[in-house]
Amino acid sequence: DEKGVLFLKYGNNEFAHMEFGYGLSYQSKYEIWGDKGHLRLTRAYNIPSDMKASLLMESSNKKEVLIKPTNHFRLMFDSFAKQILHLDKASFDFESDLLSQAKIMDAARNSYLKNKPVTLDDL
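The numbering of the sequence shown is my numbering, which starts it at 42 and goes up by one.
I should point out that these hints are in silico values taken from the structure, not numbers from a laboratory.
Incorrect hints may have been included.
[Stated by the list, open to error] BS3-like, lysine-lysine: derived pairs with alpha carbons at most 27 Å apart:
| no. | residue 1 | residue 2 |
| --- | --- | --- |
| 1 | LYS144 | LYS44 |
| 2 | LYS155 | LYS44 |
| 3 | LYS109 | LYS123 |
| 4 | LYS93 | LYS109 |
| 5 | LYS70 | LYS93 |
| 6 | LYS123 | LYS93 |
Keep in mind that this is a model prediction, so the values were computed, not measured.
Build out the structure end to end from the sequences listed, making use of the hints.
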């Protein structure tokens, strides 16, 4: 696959829209919209260790927060090592997260093959 678009619908009028593709300019950003404003995180991952990420909060006013540069690869390795050595408890369940991601990817594949929306309950 070279390009794709996913639309995920949750309960309570919540949804997610994702786009990906090869041969496009590099982006890694998140936007969260709510009824009182929205957040935009530019360069959410794969950030050079000397680059600041920008979090823009917009509602009735705008506020930008620059996030200090860090080596995210080191953070991932440190977190993994702490888990293996039982020095720290993860703030989330790695295994459940991976299984949830796999289920969504399976639903996206089935939706493409069947050319219709697929719910997670269908899997």
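Now the hints, each set against the structure:
| no. | hint | verdict |
| --- | --- | --- |
| 1 | LYS144 x LYS44 | 19 Å, holds |
| 2 | LYS155 x LYS44 | 18 Å, holds |
| 3 | LYS109 x LYS123 | 23 Å, holds |
| 4 | LYS93 x LYS109 | 5 Å, holds |
| 5 | LYS70 x LYS93 | 13 Å, holds |
| 6 | LYS123 x LYS93 | 26 Å, holds |
Of the numbered hints stated above, none is contradicted by the structure.
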